[in-house]
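Each protein sequence line maps, in turn, to chains P and A.
Each residue of the first sequence is one higher than the one before, starting from 1 at the first, in full-length UniProt numbering.
Each residue of the second sequence is one higher than the one before, starting from 1 at the first, in full-length UniProt numbering.
There could be a bad hint or two in this list.
[Said to hold, decoys possible] Listed below are the simulated DSBU-like cross-link pairs for lysine-lysine, each with C-alpha atoms no more than 35 Å apart in a straight line:
#, chain 1, residue 1, chain 2, residue 2
1, P, LYS631, P, LYS421
2, A, LYS185, P, LYS267
3, P, LYS296, P, LYS267
4, P, LYS296, A, LYS64
5, P, LYS654, A, LYS126
6, A, LYS126, P, LYS90
7, A, LYS64, P, LYS304
8, P, LYS412, A, LYS95
[Claimed, not checked] Beyond 10 Å from chain A on every Cβ pair, some chain P residues (computed):
#, residue
9, PHE86
10, PRO500
11, LEU626
12, GLN685
[Unchecked claim] Chain P is faced by these chain A residues, among others (derived, beta-carbon under 10 Å):
#, residue
13, GLY34
14, GLU59
15, GLY82
16, GLU114
17, ARG130
18, SER157
Hints listed in this document are in silico derivations from the structure and should not be mistaken for laboratory results.
Glycine included, every Cβ here is placed at the ideal spot set by N, Cα and C.
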Amino acid sequence: MMLQPASRISRASTSSTSSFVPVSRQNTMTSNDSRSRHSKRISVTALYLSMSANQKDLEIEDDLARAQKTLRDLKTKISSQSKKNFVLEKDVRYLDSRIALLIQNRMALEEQNEVASHLEDATNLQEGFFPNDDKTQKYGNLLFLLQSEPRHIAHLCRLVTMAEIDSLLQTVMFTIYGNQYENREENLLLTMFQSVLTYQFDNTPEYSSLLRANTPVSRMMTTYTRRGPGQTYLKEVLCAQINSLIEQQDVDLEINPLKVYERMVAKIEEDTGSVPDHLPKGVTAEEAAENPQVQKIIAPRLEKLTAWAESFLETIINGLDQTPYGIRWICKQIRSLSKRKYPDAEDQTICTLIGGFFFLRFINPAIVTPRSYMLIDEVPSEHPRRTLTLIAKMLQNLANKPTYSKEPYMAKLQPFIHKNKERVNKFMLELCDVQDFYETLEMDNYVALSKKDLELSITLNEVYATHAMLEKHNAELAKDKHSHLSVLLQELGPAPAQLPRKENRAINLPLFSKWETAIDDLTAALDITNAEVYFMEAKSTFVQIMRSLPQNSAALKSPLRLDKVADAAATLKNDAVMVRKGIRSMELLSQLQELGVIDKSDQFALLLDEVKQELAHLGSMKENVLEETKKLEDVYRTIRDHNDYLVGQLETYKSYLHNVRSQSEGKQRKQQRQQALGPYKFTHQQLEKEGVIQRSNVPDNRKANIYFNFTSPLPGTFVISLHYKGRHRGLLELDLKLDDLLEMQKDNQDDLDLEYVQFNVPKVLALLNKRFARKKGWTGAPNGGVEKDSTTSPPDLSQEKQKMLLAADTGHFSMIKALHLADLITELNGFCGFMSILSSMRYCLGKPDHYGNIWTALVFMPFGLFFDFMDGKVARWRHKSSLMGQELDSLADLISFGVAPAVCSFALGLRTPVDTLLLTFFVLCGLTRLARFNVTVAALPKDSTGKSKYFEGTPIPTTLGIASVMAYWVSQGWILDDLPWGTWGEGTLLEVHPVVGLFVLSGCAMVSKTIHIPKP
Amino acid sequence: MSQRFDSTASPTALVSGLLLDSRREYNIVVLGAGGVGKSCLTAQFVQNVWIESYDPTIEDSYRKQIEVDGRQCILEILDTAGTEQFTAMRELYMKSGQGFLLVFSITSLSSLNELYELRDQIVRIKNDERVPIVIVGNKADMEEDRAVSRARAFAVSQAWGNAPYYETSARRRANVDEVFVDLCKQIMRKDSATAQVREMESGHRRRERPNRHARRRRQRVERQRCTIL
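Model the full assembly from the supplied sequences, consistent with the hints where possible.
See the structure below:
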């Protein structure tokens, strides 16, 4: 979706230049003087290369280039996936609250409909076009303005209400500045942050309330930390620590004396059955804290807690260089803004404010609720959760001046604060130590202007919502009637209403400025001399040549000489591109010499040094690129997992809502006939593998004999029964309602107890959902955009309907009604098969040299194959799988690909008794093959994870191979007495044509269990 | 089934259930936007101190014994994070709380607006329109910066079933005790009302309200456990 703009721009500014750009703006660059002096040169380089990037022949094909491309693709994917997740999360949040009301039966029917419409078609957005060319242009102008002049959005952020902010931020963070790894957009976004922050500093009366309230700014910060780089950081820095902590489920590190006392008393009561008199209930905090036993319990816990907190702190401080540039830059802004406002502020005060962003809004929320930050899968159990909270409190105390007037017991942790206070302050000041990007941003903006194909992938509703918001706050935003924004808004007129979700489209909006024309000559626009441009070109050309030359080339041997390198390239055989580059580099060398920049007498030392540096830098860069790719892959996986979870959640809500609605409809009309679904059988092993069984008391040697049946007698009601092989009756049966499961999930109650095994509630929900969804289209592409395997589809509504129609005992031809379009096509397959047989027979009746009939017989077979393929396609297209279809398919296949080829070969001359016997064998093999297929399909019918990836034995349509061989014989006239390889045992009873062996082989292959043919 | 679900209830809940018989203990949760003065209010009430410093809360808990209507009660007060990034923790607080202080700052209209969402969530989780709630407009000493008129706050109070509204100043310790006492009275009233209903229904019922899980879930268990395992 968002690929186009990303790839186009990034080709310009990242592909061949990424060697330069990171230098000027990644986290590693602290304010380093020598570097900042270089920065102009660096940006000129970036500029130069971006200008020439559209020359295809500059692209180099080496490992580095490939690694960079992979990384780039990955970044694009993360950008677009994190947007999808953001939207999904919003949906799930909305539905979370609605569904809770529904469960409590407190939702009116109209509201149910509204929720349903929210769920409907939340599926993949379709691509589309803007309805109107004129509008396209105007909106293109508007969005270009918004993107390149962040102050407008910054202003808007201050005006909108908290209710509007979410949709605005979605558009801003994930669309307008959606390329999270693209310098220009990131920098513009940060500029917007700066402007909003400045406003907040200027308008907050006292320092103690700075950044405290929940404002659009704080929401922006939250959303910002959710972008790819923030996620990567949290995962890398915190994940391992948190995981090792929550593994220790039973370690209680509570240090609140009251709680400790209570638990202690409860434990004594439980053990001895009574409470000693010296331990009264309901003591005060002071009494509890003075109790020696309590003190004895707390003392070691304090040590452990401190150790944990220190290890967290350690990783955070060590992660300084991994901290995303944007986060650090915001810290820097907070520092400089507070210095500006309070010139006398001490470092401690400033650190408190930085801590109020970095720890309070970024690190600590992730520590306290790691699940919502995708760091772990399950909600941690009680003790680890409390430990995490305590650690977060300790870290927060480090950032602020703790007074301990709140919770006195926290004062016990004072040593930790004293020990680390200095360290943390130093760390926070170091966080701020990053370079600004204004210079590169200016350059990037010029580059953007020079691009003629800047595009933004956006949805129509996002465009309209942004327009509506601008319109609403027009009076404030565009006070000056002649400002660019105001002019554009006037031209656009009133904002269109939001489209229904179904009609919403993703579009690619070309962006361009209404006022500035694209810059063709960048050297004129920027203050760069020709010499500088030549120098850069020479440098990059040499680097490219040296990356492309064969490693063993003599020119690369040291001492390196540029003229030799140029010469080697210019005389390279069979590579016109290199030759051109070689010649160009020679020209550049002489031009630069004329300009007096370099000197041949010192071997062009100036240029040579830079080229060498660059190559050395590139060498280490490949490793870095690979490493970064690895990390980002991890992040991408996490984001996708989260997406799966969200999609699953939505699916569950959908089915629940559907059930509720169909039940209430049923009450109004006459009760619909409901078919029981299932039972679906699952083995213990299967469920354990999928994580549905989270604990099992079944001994390993019994596991193979245990299986479960899942049935749904009514929508929304499920029966799970546990069976032991060989016993007819279930050992255990459990009735479940979807409501209850959802409620348990809401309560974070993950255990579903089946006596011998414990099920995991979310996994059970997912399973039921997959298997029993009753409405058509539910299992289609989920709206998260993550492709799911749709090879197997659960029984859907149409299947049930068909079953019902077939079972109905009214009407002579009611069966016809039950046939689907796909079934009719299958019948055509059977028709072709039988027509082929009849044609073969007609040939036998006619003269042996009249080939017409035998040709017809052969031609019908591929037609059969055609229909065989088509029925599946049609069924999938119409979303109607049919029970009858399965059976019909096999039966028709037997005629078309089993009997018909055999009869045809009989007609062609395989007519001896042994021949016919062997042909019969072949047909029986086909028969067996098809029967087995039906059985195996039914046995693992809609198992979407364990789906069969291959056919066991060759599928029967492979016999068409023999048919084509036969066709060849017919065309050569090798039939009847002239069959290839003649006859064996002529005249005897065992007279046989050896070619019949083809059929025997094919038959054997069909029934083989070991031949696995991958499914197409 | 009902048996099993009860057994998963946390031991602390059982303990507090037992305690309730002897001594009255109530869970109060203080909620509200960031920087409105929840911690200051709580610290004033519990410890009679005024916190000057900038010290955002993540989660603090306190206990205080007070006398209301001649009865001793113990208040378990949970002071929560107002910072929006911690919203994921809220649900848990709301489940455990019996009464809620919804605090906003009279100097910030948006802090009042944030209470709507909180109240909705409480009602939803408690499944009770009449949860004991007190609306608190803090920072009353900053009258010159007032951004929320009394009329507006009263309108909110009316919309929420006449939940009492107080204007407090944690700095001057004005109305601080009253807020907590009012909430405590509400909880006690509710407590005795449900107790009466319970007595009317039957003598033997457990303290907690009937478990919905138990009501909805039927289980057909054929216990033949000896056979295989």
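| query | Which of the listed hints are not met by the structure? | reply | 17, 18
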